[in-house]
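Taken in order, these protein sequences are the chains called A and B. Here the first sequence is numbered in my numbering, starting from 1 and rising by one per residue. Here the second sequence is numbered in my numbering, starting from 1001 and rising by one per residue.
Since the hints were derived computationally from the structure, they do not count as laboratory data. Ideal Cβ placement from N, Cα and C applies to all residues, glycine included. Hints may contain errors.
Partner residues are not named here, just some residues of chain A that face chain B (Cβ under 7 Å, in silico) [as the list claims (entries may be wrong)]:
1. Ile10
2. Glu13
3. Leu14
4. Glu15
5. Leu17
6. Pro19
7. Ala33
8. Trp372
9. Arg375
10. Arg377
11. Ala380
12. Leu381
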Amino acid sequence: MESHRNEPGIVAELEALRPRPRPSFVAELDERAATGFEPREGTLGAGSERFRGLFAALSWRRLAVPAGAAALVAIAVATAVISISESGQPHPEQRFAESAGGSPTPPKAVPTHAREFSVPVPEVSESAGGELSAGSAGGSAAADQASSVGPYAARVRHRDVERSARLVLGVAPDEVRSAAGEVLAVVHEYDGIVLRSSTRTRDQGRAVASFDLLVPSRRLSDALAALSQIGPVRSRSDAAVDVTAPTIGLQERARDSRAKVDALIAELEAATTASERESIESELGAERDRLARLRSRLSAMERRTHFARVSVRVVSDPEAAAAEGGGWGIDDALGDAGRILAIAAGVTVVALAVLAPIALILILALGGRRAWLRRSRERALGRSPATGAE
Amino acid sequence: MTQVLASRTETAAAVEQISFDRLYRSSRDDVYAYAAGLLRDAGAAEDVTAIAFERAFRRRARFDPRRGSARAWLFGIARNAALDELRRRKRQAALVEEPTDLAGIDAEHPVERSERRIAVARALEGLGARERELVALRYFAGLSNAEIAAVLGITESNAGTRLHRVVDKLREACDGVA
Chain A
1 MESHRNEPGI VAELEALRPR PRPSFVAELD ERAATGFEPR EGTLGAGSER FRGLFAALSW
61 RRLAVPAGAA ALVAIAVATA VISISESGQP HPEQRFAESA GGSPTPPKAV PTHAREFSVP
121 VPEVSESAGG ELSAGSAGGS AAADQASSVG PYAARVRHRD VERSARLVLG VAPDEVRSAA
181 GEVLAVVHEY DGIVLRSSTR TRDQGRAVAS FDLLVPSRRL SDALAALSQI GPVRSRSDAA
241 VDVTAPTIGL QERARDSRAK VDALIAELEA ATTASERESI ESELGAERDR LARLRSRLSA
301 MERRTHFARV SVRVVSDPEA AAAEGGGWGI DDALGDAGRI LAIAAGVTVV ALAVLAPIAL
361 ILILALGGRR AWLRRSRERA LGRSPATGAE
Chain B
1001 MTQVLASRTE TAAAVEQISF DRLYRSSRDD VYAYAAGLLR DAGAAEDVTA IAFERAFRRR
1061 ARFDPRRGSA RAWLFGIARN AALDELRRRK RQAALVEEPT DLAGIDAEHP VERSERRIAV
1121 ARALEGLGAR ERELVALRYF AGLSNAEIAA VLGITESNAG TRLHRVVDKL REACDGVA
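Using the sequences and the accompanying hints, generate a full structural model.
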C-alpha cells in the first residue's frame, strides 16, 4: 500500500502499462517506412492523405523559388505582349490623319522622346451679341464640336471649321536648307500659300527655318502628313474652331441688309418729294456701307475656313543627325528601356491589384480553417469520456 | 553547374532521409504507445501511428529545428491525427474503448505487484482524455516536460504542474482502490 503513495512507484507501474504495438504491425510499418509511407487503401482518410501529400511535401521556402520565377516569367510575357501590341498601333500622326479623313501615311522613324502630339479640346462659346469667340480651340472633326455650340448652330448639317496647325521638325544642321526647300515643295503640291518664310543661321552651325502657310483645309491632313515626312517631328499641335454659328449669323445679317437695300430702292423710286428722296438716299447709303462691311467679313470668314493656317519650324538637331546616321543609339536604348520598365511596373501593379485581394481572402480562409480545426480538435479531446468512474 | 546543384539536392535529400529514418526508428513504438494510451483502441492507434508517420514523412522538409525538437514536431503531428480520429469517432458512433488487459497483468506478475498494477490501471481508466493524454505523452511516449509543452502549446512549467496534478489524482485513486 505504501508503494501506491510513492510517486516513483506509480511511475514505474505506468511505464509498465505502456501499450506495445503488435509485431505484425511493426513489421508492416517498417516495410512502409522503407518505401516512403505510401497511404494504404482503405485506411483512415487515405484519399485525402494522398491529396494533401502533394502539397505537404512542398515547404514555403521550396515554393518561393518556383513561384517567384513563374511570377517573373508572367510579368516578362505580359510586358512583351503589351510592348508588341503598342508598337503595332498606328502612330499618332497616322491616327490624326485617319480621324481627319485623310489617308494614313507611314511615319518616318521618329525617336520616342520626340513624339509630342497634342490635340487641344475645343473651347467655343457664343457671346450675347451673337458673336462667337474661341480660345485655344482644337479637335480634328467638326462634327465632334456640334454639341459644344449653341442650338442655333447645332441644327446645321454643314460645319464651317477654322483649322490651324503647328509643326516643329528636327533635322541635321546641314539639312535645314534642303528641308526648307522640301517644305516649299509640299506647299506647292497641295496648292498652299506661303505667307512668310525665313531661314536664320545661328552659332555653331545651328539653323532655323520658319514658315507661315495657308493650306486648303480639305487637304490639310495630307499636307501635314507630307510635311511630317521631311524630318523627325519634334512637336505638333492642331487646333480647330467651329465658326458655323458666326458664319450663319453674318450670312443672315447680309441677307437682311440686302433686303433692306432693295426696299429702300423701291421706296426711293416711289418718293415724290425732294426731302423724302434725300432722306431715303441717306439711309440707303448707310445701309449699302453696312452690307459691304458684312460681305467683307463674310468673305474673310470663308477664307479662314477654306484655308488652314499652318506654322512650320525646321530646327537643326544634332540628335536628328545621329538618328539619321546611326539609327538606334544609346538615348533610344535608354528611352526604350525606360518604357519597358514602365510597362513592367504597370503590369506588376495591375497583377498585384488583382492578386492581393485574392491572396488576402485565401490567407484569411486558411487562417480561419486552421483556427476552426484547432478548436474542433481541442473540443473533441475535452468531450472524450473516461471509461471508468471519473 | 547543373550537375553540382543536382548533386547537392541529392545529398540534402539523402541526409533528410537518414535523419527521418533515425526519428522513425527511435519514435515508432512511442507514437503508438501515445496513441493507444489516448484512444484506448489498438486498431485506431495503429492507424493513427501510420498516418502520423505518413504526414511527418511528407512534411519533413517543413521541419524547423529552431522551433523545437524533431520528436516534439512528430508528436504534434501524431496528436493532430489522434484528435482527428476522436472527432471522426464522435461523428460516426459512440466511442468504444478497450479496457486495459488486466488478465494479462495477473498472469505475468507476482500477486502483490499485480494488485498494484491493476489499481494503477483502473485509476488510469478513470482519467479524462486530457489527463490521459498527459500520462501517455510523459510515461508511455517518454517525452520530457519541455517536449510535452511544445506538443500541447503550453509553457514547460504549466506542463510540469499539470503532470503533477494528474499523478496526484492517480495516487489518490489508487489509495481509494486500496
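So, going through the hints one by one against the coordinates:
no., hint, in the structure
1, Ile10, "6 Å, holds"
2, Glu13, "4 Å, holds"
3, Leu14, "4 Å, holds"
4, Glu15, "5 Å, holds"
5, Leu17, "6 Å, holds"
6, Pro19, "4 Å, holds"
7, Ala33, "5 Å, holds"
8, Trp372, "12 Å, violated"
9, Arg375, "11 Å, violated"
10, Arg377, "4 Å, holds"
11, Ala380, "4 Å, holds"
12, Leu381, "5 Å, holds"
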